[in-house]
Structure formats: structure tokens, C-alpha cells
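Asker: So the chains spell out like this:
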Amino acid sequence: MENLYVLRKIGKICGKLLGNMDMKNVKNVKSINYYQIDYNVNKIFEREGAVIFSSPEAYKKLRWTRDYFKQEPKEGYFIWVKKSIDCPLTTCITISSPKVIQKPENLVVIEKNVEVKIQSICNASKKNLEGKHTGCSKIILRENSVLKMKHFHSWGKRDWVESSLEFFLGKGAKLSHTYKCLEIPMKLKIENDTYLKENSSSNLIITILAKDGEVDMHDSTFLNGRESNGISRLRMIGDKRSKIVARSQMVANDAGTGHVDCMGLLLSKNSSIQAIPELINRNKDALLTHEASVGKISEETLNYLRSRGLTEDEAIDLIVTGFLGEEEPIIIKGRIVPSKLYM
Amino acid sequence: MTKRANTMLKIKNLSIRVGDKDILRKINLEIKKAEIHALLGPNASGKSTLVYTMMGFPGYQIIEGEINFKGKNIGSISIEERAKLGIALAFQHPPIIKGIKLSKLLEKISKQVINIKEFPIKSDLLSREINVGFSGGERKLSEIMQIISLSPSLVIFDELDSGLDVEMLEKLAIIIKDKLLNNDVSILLITHRGVASSIFLSQILLML
Numbered sequence: 001m002e003n004l005y006v007l008r009k010i011g012k013i014c015g016k017l018l019g020n021m022d023m024k025n026v027k028n029v030k031s032i033n034y035y036q037i038d039y040n041v042n043k044i045f046e047r048e049g050a051v052i053f054s055s056p057e058a059y060k061k062l063r064w065t066r067d068y069f070k071q072e073p074k075e076g077y078f079i080w081v082k083k084s085i086d087c088p089l090t091t092c093i094t095i096s097s098p099k100v101i102q103k104p105e106n107l108v109v110i111e112k113n114v115e116v117k118i119q120s121i122c123n124a125s126k127k128n129l130e131g132k133h134t135g136c137s138k139i140i141l142r143e144n145s146v147l148k149m150k151h152f153h154s155w156g157k158r159d160w161v162e163s164s165l166e167f168f169l170g171k172g173a174k175l176s177h178t179y180k181c182l183e184i185p186m187k188l189k190i191e192n193d194t195y196l197k198e199n200s201s202s203n204l205i206i207t208i209l210a211k212d213g214e215v216d217m218h219d220s221t222f223l224n225g226r227e228s229n230g231i232s233r234l235r236m237i238g239d240k241r242s243k244i245v246a247r248s249q250m251v252a253n254d255a256g257t258g259h260v261d262c263m264g265l266l267l268s269k270n271s272s273i274q275a276i277p278e279l280i281n282r283n284k285d286a287l288l289t290h291e292a293s294v295g296k297i298s299e300e301t302l303n304y305l306r307s308r309g310l311t312e313d314e315a316i317d318l319i320v321t322g323f324l325g326e327e328e329p330i331i332i333k334g335r336i337v338p339s340k341l342y343m
Numbered sequence: 344m345t346k347r348a349n350t351m352l353k354i355k356n357l358s359i360r361v362g363d364k365d366i367l368r369k370i371n372l373e374i375k376k377a378e379i380h381a382l383l384g385p386n387a388s389g390k391s392t393l394v395y396t397m398m399g400f401p402g403y404q405i406i407e408g409e410i411n412f413k414g415k416n417i418g419s420i421s422i423e424e425r426a427k428l429g430i431a432l433a434f435q436h437p438p439i440i441k442g443i444k445l446s447k448l449l450e451k452i453s454k455q456v457i458n459i460k461e462f463p464i465k466s467d468l469l470s471r472e473i474n475v476g477f478s479g480g481e482r483k484l485s486e487i488m489q490i491i492s493l494s495p496s497l498v499i500f501d502e503l504d505s506g507l508d509v510e511m512l513e514k515l516a517i518i519i520k521d522k523l524l525n526n527d528v529s530i531l532l533i534t535h536r537g538v539a540s541s542i543f544l545s546q547i548l549l550m551l
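Residue numbers (the numbering used here), protein chains in the order written: chain A, 1 to 343; chain B, 344 to 551.
Only chain A is shown next, with the shape it has when bound in the complex (with noise of 0.2 Å):
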């Protein structure tokens, strides 16, 4: 009956939240194609062109799957996608109960010429749980296929969270990811590596804000192919009592362009930013760039928007909402809310 409740109630937040991520056709836990609440799958609904099973199944009926799985997985969601979708395709991984040590070991399939939008979940239902999350994911991209990924992540402040991350993406394969968090954890480690052949594309956007946390990050992008494009992309807020730590590379083994943009904004005295942006050139034909930079609030855009009436709270908030991305609502308690309310 527990697991029930719960399920409704996060069902509803997630309904809400991806409702109001652009993605119209979610708008309640019936949308929701995996959902894991602790260390028990609650729900998998499946999709015309889509095969959607939990690892520990995928790893037992389908033998293939064992070449992509570290070892024998025991929480996560497998997805092999052999159609285009229209509908984007839902996960969500929540940590509802004190305590929870979750270990989801995800693998993402998407076949040749395929495009497919997928949005993915990981969160806190409560705020002191203090629960552990690992989530260890691998998602292949074949030849010529197309993926649209959505990546949110909602934690409490005495949770402990270590995501992991790994694209490999086949020639003229297209990814796009965004990763959203702006409830961080105690700790937040995140490591993502990407893998590109021939003609492939890759854009990562990467947004923090923390608050009364720390934050280490790695994001790897590998040009491996001719004509492959790499960009990343980190936007970082630190507010009262943080630490960021943020290295993102770019690797040019072969012929392709990359570009590599380290973006912080730092809110408070008593928070830290620091932001390593590397490229690695191994090819005379390829070329990588790189912009950074971490700061306050300018005074000039301060002064600019306060002279159209606006307080300075409400430039704050604006340029912050600028910052973090518009228009994107955030959870705080169980709730959907502006990012401007919370800041």
C-alpha cells in the first residue's frame, strides 16, 4: 500500500515535471515506460518499436547485452530501441525509504537510423533519506541514429550520488544530452564519457546549481572519428555553502572539431567554482576550443536591469533563470515550482 502511495505521489511530481519539460505526452505515472522505487522495478511499460526490460532480465534472456554490463546487474532498466518513436520514452529511479543503497546499472540500445527522445529521472522523494545512489549507465548509439536525452536529477541534502555516465555513438550518429540538477546532494559525483566514430555529433549540456553541497564533476568527449563534432557544454551556480570542482576534456584522436564552454556563476561568499577545461589535440586536422569563465554577478548587468525597475533580487533571479535555462520548473518538497522562487 506503501509502495503505492508513494508511486502516485512521485508519479504525479514526475507527470508535472516532464509536462512541463515540453514533453506534452507525460503527464501522469501511466506515461512512464520504467519505474524503480528503491531497489524494486514498480512498473514497465512498453512502447511499439521498443524493448523495455529490467537489466537483471535483459542480462539473463538477452545474452548479447552481457558484452555492454560490467557484470551480472541487479537494479536498472534496459531499453533497445528498433523503431523511431515520436513519444518521448520515461524512466525514473527514485529513492523513497531511509537508507536505500541503489545501484542501477542502465543500458540504452538504439539501432541504425532510429531517433528517439528519452527522459530520464533519478531522485529523492524526501529530503532526509539519506539514501546512496549509484547509477552506472551505458548508452550505444548505431549508425545514423539519433538520440534526444533529458537527464534530472532531485536529491536530498543527505544523500550521497555518483552518476556515471558512458555514449558511444556509431558513425553519423546524433546526440543530444542535457543534465539538469538544482536540488544537489552532500555529494555529487559525475562522470561522463563520450565516444565518437566517423561523422557523429555530440552536445552536452551540463547544469548545476549547488547549495549546502559538494560537487565533483568529469565530463570526457572523444574524438574518434573524421568529422566528428564534440560539444560541452557546463553551467554552474554556486549559492551558499558549495563546492564545484568541474573538469571537462576534449580528446581529438582523429580529424574532428570540438568545443569545450565552462560557464560559473558563483552567488556566494562562501562557495567555490573551479573550472578545468583541457583539450587534448592528437591530430594536426582537427581543431578545439575552448571558453570559461566563473564569476559574480557583473554590477553593469546589475545596474542595466535595476534601471528598468526591476529590484535587484528580481535581476538576480533573472539572470540566474537566464542562466540555468528558461522556463524550466524545478521540484522543491514535492512540488513544482519556478527556479525563480527558489533562488
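Derived from the structure by calculation, the hints contain no laboratory data. You can trust all of the hints, since none of them are fake.
With a straight-line Cα cutoff of 25 Å, these simulated DSS-like cross-link-like pairs (lysine-lysine) come out:
no., chain 1, residue 1, chain 2, residue 2
1, A, 61, A, 138
2, A, 269, A, 189
3, B, 441, A, 296
4, A, 138, A, 43
5, A, 284, A, 171
6, B, 451, A, 296
7, A, 187, A, 132
8, B, 444, A, 180
9, A, 180, A, 126
10, B, 441, A, 180
11, B, 447, A, 180
12, A, 99, A, 74
13, B, 447, A, 296
14, A, 269, B, 441
15, B, 444, A, 148
16, A, 211, B, 441
17, B, 441, A, 243
18, B, 441, A, 240
19, B, 441, A, 148
20, A, 296, B, 444
21, B, 427, B, 375
Cβ-to-Cβ under 7 Å is the rule here; a few derived chain A residues that face chain B:
no., residue
22, 300
23, 301
24, 303
25, 304
26, 306
27, 307
28, 308
29, 311
30, 323
What the simulated footprint calls covered on chain B by chain A, stretch by stretch (three residues with Cβ under 8 Å from a Cβ of chain A suffice, anywhere in the stretch; the number is not a length):
no., stretch
31, 391-401
32, 417-424
33, 433-442
34, 446-453
Predicted, not measured: the structure shown is a model, and the values here were computed from it. Beta carbons: idealized from backbone N, C-alpha and C, even for Gly.
On the provided structure of chain A, position chain B as indicated by the hints.
Answerer: Using the frame of chain A, we list chain B on its own:
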């Protein structure tokens, strides 16, 4: 109408210090309702200092005198309060604000709805981030759209003519006459060349 009600801005014996430097001494200026004045002077003559002090920007210290707007001494009130009272500044070099579309800013600040079709802008300007990649003319148009949306009583144009060709300046002048002067808005033109002031046939105050 009484004389006081007619006076929009009155600056009396104003002396301004920035850091430990006295920049302006005993400035006097009076602008009445629907009047146009031009402040003409070479670079570094203190024009911008006067403007930023009028707007209440931090770092510009009034050491003597008063700035009265609509009969109220505004020397100690915040930038946004001055804006709400009806003073608007069209910046010469407005800052780039990434992540915020011009339409979003207009939505936030507008006191009155503006008809975009009345402005000679490309259709995508509103959906672009504020001043990111804007041409000189687009920046001025963005400033003027924002100013008009604020329904101001006094508008300060800081170097309106800089970076504009005569054709664009004339287009802007038509908009300013139609939307501001025809609505009894007072205007203060800050310029070092005088092109803009000649278009509006304004009264000229020299700062030398």
C-alpha cells in the same frame, strides 16, 4: 498648471565625486515637461558621470546639491525606485545578457504593451538573447523598445547617434517623436557630436 508641476527635472548646484576625484562641480539643469535638452561635450567632460548619478548607480557620490524629479529629491533613492518614478536611460553600450531573450525582459519590465510591428526590427530580434550579436542599430532599437514599454516621464539617451547611419537615426527619431514626445515625455540627449540634438532641435547645454 503650476510652475512646479511643469518642472520634470531640476538639478541644483550638483557636485559629484567618484572615488576620491571630484568630477563635476555646481551643475544646474532644469527640464520641463515635454522639453528636449541636449548635453553636449567632448569625451571625459563628465556627461556620463552626470547621467549615472541621476540614475543612482553605485560609486557616484553627491557631495553638494540636489536632484529633484517631479518635485522630489531623489538623491538617496535606489535605481529601481527612480525607474519606477519615471526616469529611463537608453544606454550607449548596453550589456550582453546571455540566456535571457529580449521578449522575456520586455515581458518582465513592461508597464504598457508595445506593438512590435511599429518598430523596424527583424522578426527574430525578440527571440534572441539580449544584445548577443546585435548590430548597432538593433541595440538602439532594443533600448528604445524597452524605454517605451516603461512609460517613462523623462528619457535620457546616452549617445543615441553613436554607431548609427543617418537613415537609422532618422527612423529612431520618428519613433521617439511619435511614442515619447507626442506623449509629453521629456528628453535629455547626451552627445558629443550634436547630430542627434540637431534632429530634435533641442535646447543645448554645453559641458566643456
